[in-house]
Amino acid sequence: MTSFAVLAVSLADVAGAGSAQLAQLAHSQLSPIGHLAQPGLLEIFTLPFMWRALLTVGVLALAAGVIGLFISFRELEFVSDGLVHSVFPGLVVGAMIGGSAGLLPGAVVAAILAALLFTLIEHRGGVGADAAIAVVLTGLFSLGVVLVSRQEGYVSQLQELLFGRLLTVTQTQLWQIVVVAVVALAIVALTWRAQLFRAFDSAGAEAAGFRLLGADLALGVAVALLVVAGVQALGVLMVIALLTVPMAASRLVTRRFPLLIPIAILLPLATGIAGLWLSFEWSVAGGATVSPGAVVVLLLVGAYLVAALARLAAGALARRRAGAGTTVGNSGASSPTAAPAACAPEAAPHPGDADGSSAPSDGGGSRGAR
Amino acid sequence: MTIDPARSDAASSRGRGIALELGDAAFGYDGTAQVERLTLEVPEGSAVALIGPNGSGKSTLLRGVLGLAELTAGTVRVLGEAPDRARRRIGSLPQADARDASLPLSLRQVVTMGLYRSRGPIRPIGRQGRLAVTAALERVGLGAYAARRFGELSGGQQQRGILARALVSDPELLLLDEPFNGLDRENRDVLLQLVRDLQVEGRTIIVSTHDLEIAQEACTHVLLLASGHHPHQPGHPAAFGSVADALTLDAVQHAFQDTTVELDSHTVTTTRETE
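So the protein sequences, as listed, match chains A and B. Heads up, the first sequence is in my numbering, so the first residue is -18 and it goes up one at a time. Heads up, the second sequence is in my numbering, so the first residue is 267 and it goes up one at a time.
Extracted from the complex, chain A is given alone in its bound form (with noise of 0.2 Å):
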């Protein structure tokens, strides 16, 4: 799908026109300053339409890093992205109707219809809920992609809409962005205890009195939200880097529950910052043009890649170490499956060792990457 769209635009166009636009931006906002030639990382970011765009990554990672912990324990990570492409038309049909105005009303109305569809179908259960939701997201995206194409000048549209921009971000569509994701955050905050309880042990949680499908839709709607949040800065086919790649990064990095969600949330804070200041540098002072979103994105996935390969480094440290018959430390190697007869023996307990490193490594470790 991603090749298909990619094809539907020219790559050259894809950067083209926004960046181009904002380094005479650029250039008329920063010589009252008198550095244009090397701006610094501080003098970059006084700039409104910078500002700005720092402030949609900040709402982003903070939305992203609570909300996304829920589509990585609930392993929502193929119904996000269905999401995000049934949230396509919505934009689509959102802007034939109101123009500029009209995407959010027209993503959050379709983010939610498919919101309620793929939680009522994910319920239904059975072999064919998978499939099921790459029909609807397939024919949603289609069905965007016919609509936009009818329209005048589509191309520009649908590079806008695929690829997001970051660095044109209104005040309007900031504060659009900040109420949206503040609504997505208040529901995940509000059902936080049926999520939590829920993801752990479902059967636990109904017996409880917690229902299922409440909690289930209201954590459909809030991830929905913050699609429509993340969409229109970078884009249909970048967000679900936003939803996903934070938290999948996090488990990675620590097993801790109370670092999984600020760590989830400096990580795009660090590489949305460093992403925007490259593409200034890159538009500005190299004139080159990129899409800053796609940066962001490429620094997040990097930041991901590191994560994984350090952790896959510690494994091999400790199972080398577990070979040379010295005491294991739990270094965040083992698989979060440990298989539970193995460890921990009841008769000699560690109090005080709350880590657990008297588990011995297991010698997984592959699951954590999923």
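It should be emphasised that the hints constitute simulated quantities derived from the structure, not laboratory data. Think of the CB as a built atom: it goes at the ideal place given N, C-alpha and C, for glycine as much as any other residue. Any given hint could be a false lead.
To be verified - Per the computed footprint, the stretches of chain A lying under chain B, defined by three or more beta-carbons under 8 Å from a beta-carbon of chain B, are:
#	segment
1	27 to 36
2	188 to 195
3	232 to 244
Position chain B against the provided structure of chain A, taking the given hints into account.
This is chain B only, laid out in the frame that chain A set:
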């Protein structure tokens, strides 16, 4: 394990009412009964072993007591109330396969989940709650493991952890669904002793199991369920009563039709023939 005297008082003040009352009840899903013809009274403070082959409706009955399976016929009263109203007074240990032990949650976090329902969505767990969690962990002998990741505990420790989660809200009725599955002898004995203690202190316990020995060692009553004669027929009770009355060779053979059953004064074993 010592018994908290306060708890014994509470237990005796609970009196000897009826914890579970079924009147020709049938439970199932989508209007189809999975288990039927259930008429019985479980006295408060008793421990009932729910025994039967796969497909006889043990889990459906336990879910029915929680109000999660549909009552397709008859009547049900749990602790004198409708099942969904009684739920907050019930502690539950569901089958292990619904759990995701790969999530990086500490044992303490898991046990704290037992307080989520009573606290609602945002009310803090608070000092009282934390003390209750610690007490429940100590009760099951896992006080030293509170900070451990749940997934790295042994199977027996995980089951005791989930039992602590059920105990943290101080339930009157405990529903344990196959808690002994997959446990080695040592872990099984530890859990068995806990079940015995909990019954002695006055809680009503319904525990489903394949293991007749558990009924003899830890329970006061037995409910034997037999599966239907045809694959699509619901299960039904083969016997209910005190362990001595209900666990007869005839009843066990009726419940486990296609298995060889040996009974003597000390142990009862069933050997399922290979399918």
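Inset, instruction - Count the residues of the segment 27 to 36 of chain A whose CB lies closer than 8 Å to any CB of chain B, then report whether that count reaches three. - result: With 0 residues close enough to chain B, the hint is violated.
Inset, instruction - Mind taking a look at whether chain B covers the segment 188 to 195 of chain A? Criterion is 3 or more residues with CB to CB distance under 8 Å. - result: With 4 residues closer than 8 Å to chain B, the segment 188 to 195 of chain A meets the three-residue bar; holds.
Legend entry - Annotated coverage of the segment 232 to 244 of chain A by chain B, confirmed only when three residues or more have a Cβ within 8 Å: holds (count 6)
Violated hint: 1 only; the structure is consistent with all others.
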